[in-house]
Amino acid sequence: SAVISQKPSRDICQRGTSLTIQCQVDSQVTMMFWYRQQPGQSLTLIATANQGSEATYESGFVIDKFPISRPNLTFSTLTVSNMSPEDSSIYLCSVEDRRQGIKTQYFGPGTRLLVL
Amino acid sequence: AQSVSQHNHHVILSEAASLELGCNYSYGGTVNLFWYVQYPGQHLQLLLKYFSGDPLVKGIKGFEAEFIKSKFSFNLRKPSVQWSDTAEYFCAVTSSGGGNKLTFGTGTQLKVEL
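If you read the protein sequences in the order shown, they are chains A and B. One point on numbering: in the numbering used here, the residue at position 69 of the first sequence is 307, and numbering is uninterrupted. One point on numbering: in the numbering used here, the residue at position 92 of the second sequence is 75, and numbering is uninterrupted.
None of these hints come from the bench; they were simulated from the model. Backbone N, C-alpha and C define an ideal beta-carbon position, used for all residues, glycine too. There's no promise every hint is true.
Claimed, not checked - Calculated cross-link-like contacts (lysine-lysine; reagent style DSS-like; alpha-carbon spacing at most 27 Å): (1) B:K32 <-> A:K341; (2) B:K61 <-> A:K341; (3) B:K54 <-> B:K84; (4) A:K341 <-> B:K44; (5) B:K52 <-> B:K41; (6) B:K52 <-> B:K84; (7) B:K54 <-> A:K341; (8) B:K61 <-> B:K94; (9) A:K341 <-> B:K52; (10) B:K84 <-> A:K341; (11) B:K32 <-> B:K44; (12) B:K61 <-> A:K245; (13) B:K32 <-> A:K303; (14) B:K54 <-> B:K32; (15) B:K32 <-> B:K94; (16) A:K303 <-> A:K245; (17) B:K84 <-> B:K41; (18) A:K341 <-> B:K94.
What the hints assert, rightly or not - Some, not all, of what chain A presents toward chain B, calculated at C-beta under 10 Å: (19) D249; (20) Q275; (21) S280; (22) T282; (23) L283.
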């Protein structure tokens, strides 16, 4: 499977500021995804990021709050804008592997965000 | 919309006990099913997956899961757990009607005691 890295691994931020999270993959992938895992909860899909097109956001998530870039097939960023304590969460990126026609998602290590 | 239910939120077992974690999904069409595991302080890792064919799938570390279409279930099993199996386990599904969207269950925290 692809090797996925995320930066930063963790951060503590003040409310009202923004943080950009980077996701780097060691191979070219078409589909990348951003998830949020709030404390004690499961993973929730924020958006799907395809290279060369606008990200597709899930219900409850908007581009102004979570702008995403996907400049090439190995890299994506997610920005958490105008943060509030409710944004404290783990943010994960994943990539879709389509080898042998089977779509499987593999996840990065996550970025642990605490907003004060 | 597809959804996934994991009814066991916390499970505590002794080493060598058998494990079965329940997973039920709601979507009635063609589904792809996954179990992921998150060991303490580590990445979310793929444990096993089902796409088609034999409904009994085997994964890493001695885990297996059985797809029972009539029961909309994909329960995870291991005959004899080890202390190192302590982790959080997530069931997830994609479906023919849901595109690439991977929907996760709420997770089961497994603690294996020596």
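Cross-check of the supplied hints:
At most 27 Å may separate the alpha-carbon atoms for a hinted pair to count; K32 of chain B and K341 of chain A meet this at roughly 10 Å. The hinted pair formed by K61 of chain B and K341 of chain A meets the criterion: a straight-line CA distance of about 25 Å does not exceed 27 Å. Note on K54 of chain B and K84 of chain B: the hinted pairing holds, with a Cα-Cα distance of about 22 Å set against a maximum of 27 Å. Only pairs whose Cα atoms come within 27 Å are accepted, and K341 of chain A paired with K44 of chain B is accepted, the gap being roughly 22 Å.
For the hint linking K52 of chain B to K41 of chain B, the alpha-carbon distance of about 17 Å falls within 27 Å, and the restraint holds. A hinted pair counts as satisfied when its Cα atoms are at most 27 Å apart, and K52 of chain B with K84 of chain B qualifies at roughly 20 Å. Between K54 of chain B and K341 of chain A the alpha-carbon distance is near 24 Å, which keeps this suggested pair within the 27 Å criterion. The suggested pairing of K61 of chain B with K94 of chain B holds, with an alpha-carbon distance near 14 Å, which does not exceed 27 Å.
The straight-line distance between the Cα atoms of K341 of chain A and K52 of chain B is roughly 20 Å, inside the 27 Å bound, and the hint therefore holds. A threshold of 27 Å between alpha carbons decides the hint, and for K84 of chain B with K341 of chain A the separation of about 11 Å falls inside it, so the pair holds. About 14 Å separates the Cα atoms of K32 of chain B and K44 of chain B, which keeps this hinted pair within 27 Å; it holds. Distance restraint check for K61 of chain B and K245 of chain A: the Cα-Cα separation of roughly 35 Å exceeds the 27 Å cut-off, and the hinted pair is therefore not satisfied.
About 33 Å separates the Cα atoms of K32 of chain B and K303 of chain A, which puts this hinted pair outside 27 Å; it is violated. For the hint linking K54 of chain B to K32 of chain B, the alpha-carbon distance of about 18 Å falls within 27 Å, and the restraint holds. A threshold of 27 Å between alpha carbons decides the hint, and for K32 of chain B with K94 of chain B the separation of about 23 Å falls inside it, so the pair holds. Restraint check: the Cα-Cα separation between K303 of chain A and K245 of chain A comes to about 19 Å, which is no more than 27 Å; the hinted pair holds.
As the CA atoms of K84 of chain B and K41 of chain B are separated by approximately 24 Å, the hinted pair is consistent with the 27 Å bound. At most 27 Å may separate the alpha-carbon atoms for a hinted pair to count; K341 of chain A and K94 of chain B exceed this at roughly 30 Å. Taken as an interface hint, D249 of chain A does not check out: its beta carbon lies about 17 Å from the nearest beta carbon of chain B, beyond 10 Å. The beta carbon of Q275 of chain A comes within 9 Å of a beta carbon in chain B, closer than 10 Å, and the hint placing it at the interface holds.
Taken as an interface hint, S280 of chain A checks out: its beta carbon lies about 5 Å from the nearest beta carbon of chain B, inside 10 Å. With a least beta-carbon distance of about 8 Å to chain B, the hint placing T282 of chain A at the interface is held under the 10 Å criterion. Checking L283 of chain A against chain B by beta carbon gives a least distance of about 6 Å; that is within 10 Å, so the hint holds.
When held up to the earlier numbered hints, the structure conflicts with 12, 13, 18 and 19 and fits the remainder.
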